[in-house]
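Given these sequences and hints, build the entire structure.
Listed in order, the protein sequences are those of chains A and B. The opening position of the first sequence corresponds to residue 2 in the working numbering, with each subsequent residue numbered one higher. The opening position of the second sequence corresponds to residue -5 in the working numbering, with each subsequent residue numbered one higher.
Everything labelled a hint here was simulated from the structure, so no lab data went into it. Some hints here could point you the wrong way.
[Claimed, not checked] A few chain A positions that, by computed beta-carbon distances, are all more than 12 Å from chain B: (1) Gly12; (2) Trp21; (3) Gly23; (4) Ile27; (5) Arg31; (6) Gly40; (7) Ala99; (8) Ala120; (9) Asn170; (10) Arg210.
[Said to hold, decoys possible] Simulated restraints, written as ranges between beta carbons of each label pair: (11) Glu85(A) / Asn181(B): 54 to 62 Å; (12) Thr127(A) / Asp202(B): 19 to 27 Å; (13) Lys169(A) / Pro79(B): 38 to 46 Å; (14) Asp202(B) / Glu85(A): 49 to 57 Å; (15) Leu54(B) / His25(A): 53 to 61 Å; (16) Thr127(A) / Glu242(B): 25 to 33 Å.
This one's a predicted model, so the numbers in the text were calculated from it and none came from an experiment. Idealized CB from N, CA, C, for every residue including glycine.
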Amino acid sequence: MTLKLGVPSKGRLMEKTFAWFGKHGIELSRSGSDREYAGAVTGVEDVELVLLSASEIPRELSAGRIHLGVTGTDLVREKLAAWESQVEELAPMGFGQADLIIAVPKFWVDVESLEDLDAAAAAFRTEHGFRLRIATKYHRLIREFLREHGVADYQLVDSQGATEGAVKNETAEAIADITSTGETLRANHLKILPDGLVHRSQATLLRSRKACWKNGEKDILKTLTAALKL
Amino acid sequence: MSCNSEMFLRQAAEAARLRSFFEMSGAQLVEADMLQPAEVLLDLYGEDIRARAYVTSDPLRGELMLRPDFTVPVVQMHMNHGAEPARYTYSGKVFRRQEEDLGRASEYLQVGYEVFDRDDPAGADAEVFALFNGVLRGKGLTAVTGDMGILRAAISGLSTSDRRKAALERHIWRPRKFRSLLDRYSNRTPLPAVRVKLLELMDTNSVDVLLENAGAQVGLRREADVRARLEVIKADAQEQPISRSEAEMLEEILTLRAPAPQALSTLRDIAVDLPKVNGAIEGFETRLNAMAQRGIDVANLDFDASHGRSSMEYYDGFVFSFLKPGQPPVATGGRYDALTKVLGQGRSIPAVGGVIRPDLLINAESAQ
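Structural data, given as structure tokens:
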């Protein structure tokens, strides 16, 4: 019997995850060649490392194919309906911080709040004949946030990358994306709406509520959380 | 036979019974495609419909939706080649995407009845309600009615700018946003700090300077759009607030819930100070009379002025539901004159109708 732990398979997120576990005496490592997605765990018994793309970890947790996983809370909330019934947040890990925000062109001096955005969207629709477009890959989070705040007459357009360029390219009038320093936004002549902070994300250790949790798995989890001092 | 298929047959039989009842009442049976062009629905309902409907696509027709209701295709069909007046019935599955509650059905049968008739709107309202009331009688349901027309008339009767009225009317479907707008317009909440700051900037700088300092102009929303809205912001700051008494009257209407005759009398009192609602109140009374003539017990008919505010965004007059506590409405309906104008490309026709969910009707019956 083993407990499956899914962690990001590459880049800074992987390195920082390895370091975080290492700090607690649990060593995660990629085994084999650099290109092979296989891993090893030492310092705790019966934990199997599964290397996955960070964006697939919510789905694997939801399907119960992994018991534990490390990914950003933004992806959990975006990809899992009623996320709290599917996963439990065990520990925020203190890295991978990013804010999901709504940004508009800086020269829109008339738009300084969501209320302004709503009014501007109404006027835009009348003037231009279509709904003001917001480029994002966080469709569900943004839709819920805007509904909550009474913003109407917009439409979401999908943007899976280089979202900050959407306004310049005239494929959208505003954007909703994650940012850590805001530098890319500024370089693309955009500003963050002060009340447009949708979610503060960071890398988090999550437990699947859907995976098989018999006594054996529960015991391994207990040993692991004790080692992690959770 | 499995339990599921037995249930399915029962629902189909119930749907057939309801449909033939409407056919016997003079409705023509119509069909609608299950796949509807997404564009029309998106334009009508906005982004929220994506959370509630299944969107799919093919390379030739583009984005399509599994029909979330029949009203839109039936209106389109009528506007394209319907004779007048017309009465339609239909029966079939609709599809609703669920994001939060697994207990809610994602596909279910609906049986509907729709009337397109230019003469006697009150009579058509009463006709639809009386038919629903008749076919749902004895099932342990309670009816509640409302009238979006009264709310809209009350808004248009406020002593404030057309722009503010339009903003309130636009958000009539979002009670919380509506409330915050009303609080703002009646000076019960202060201007947000960012707006105060902008107004100060506009006092001390020309718009040219403000725009100059704001950086590169990117995107399809142009400088002209920004300038136009700055004008609006300036004008809005100089407006007189909606008076306390008018705001209170509007709230009294929003929270009015009483048996119909009592609601009518309360509305008449309000109309003394807000005469613009008189027309809508007369319409309400005419409808009550037409309902009474059709044998409805109007003395005990529940009227809730806010009924219909959180449902689909197209009802603009009479609205009604038949309810059983603990489950979604068994039947809903109302008047949607404006929708026919939106879909009619310049033409329009007064329309009223409603739908029944056979699955919920069976549940309600067996709970009795």
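Status of the hints after comparison with the structure:
1. Gly12: 30 Å, holds
2. Trp21: The claim stands: tryptophan 21(A) keeps its Cβ more than 12 Å from every Cβ of chain B (closest is about 32 Å).
3. Gly23: Non-interface label stands for glycine 23(A): nearest chain B Cβ at 38 Å, farther than 12 Å.
4. Ile27: 36 Å, holds
5. Arg31: Its Cβ never comes within 12 Å of chain B, the nearest being 36 Å, so this holds.
6. Gly40: 34 Å, holds
7. Ala99: 23 Å, holds
8. Ala120: 7 Å, violated
9. Asn170: With a cut-off of 12 Å, asparagine 170(A) comes too close to chain B, as the shortest Cβ separation is near 9 Å.
10. Arg210: About 14 Å separates arginine 210(A) from the closest Cβ of chain B, which puts it past 12 Å; holds.
11. Glu85(A) / Asn181(B): 54 to 62 Å: Given a distance of about 40 Å, which is not inside 54 to 62 Å, the answer is violated.
12. Thr127(A) / Asp202(B): 19 to 27 Å: Once the Cβ atoms are compared, 25 Å apart, the range 19 to 27 Å for aspartate 202(B) and threonine 127(A) holds.
13. Lys169(A) / Pro79(B): 38 to 46 Å: At 53 Å between Cβs, range violated.
14. Asp202(B) / Glu85(A): 49 to 57 Å: 51 Å, holds
15. Leu54(B) / His25(A): 53 to 61 Å: 56 Å, holds
16. Thr127(A) / Glu242(B): 25 to 33 Å: Because 31 Å falls inside the window, the suggested range holds.
Of the numbered hints stated above, those contradicted by the structure are hints 8, 9, 11 and 13, listed in ascending order.
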